[in-house]
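All chains should be modelled from the sequences, with the hints used to inform the complete structure.
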Amino acid sequence: MLPNALLERSSRYYIKMAVGGCFCGKVRIEYTGQPLASALCHCIDCRKLTGAPYSYNFIIKSADLNISGSPKEVPKTSDCGNAIKNYFCPDCGTPLFGHKIKPNGDPDETTVVRAGIFDDKGILNERMPVVEIYTKQRLKWLSPIEGADQFSGMLPLP
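Residues 1 to 158 (the UniProt record's numbering) are what the sequence shown spells out, left to right.
Be aware that a few hints might be false.
What the hints assert, rightly or not - In silico EDC-like links for lysine to aspartate or glutamate, alpha-carbon gap of 20 Å or less:
#, residue 1, residue 2
1, K100, E132
2, K100, D64
3, K61, E30
In short, the hints are calculated from the structure, not lab data.
Shown next as structure tokens:
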């Protein structure tokens, strides 16, 4: 669960449906409903996953997500010690989404979707990040997003 203040701020932006996919188009993703939050992550894992200084993500209820195609699954232990799986297009390599894995092996109820995969740029313009995580690893030439909550590590969970 995300802190209530983030959920309230995140709900200011309404998205009816978002559709996107990988660079080659073989994996497509859509979701309905609202993201729980939008976040920038500055952790080392996200830098390596995206090849960029940070990742811009939508945190979405897994039940609201529909995936077509066959993304490749890559398990790992995250920077904060959680078991995670990240998913990529097996053909073009586009990073698509990831989620924490529960101790019983099931995926978490939320999925972290790489926001840059969505086709409609308007969604990205309307959905500013409400939080930045792993800010202690943010590159010194990057400035904090004005108005976004700042966390030196992972989001504190209630």
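Q) If you check each hint against the structure, which ones fail? A) Of the numbered hints, all hold.
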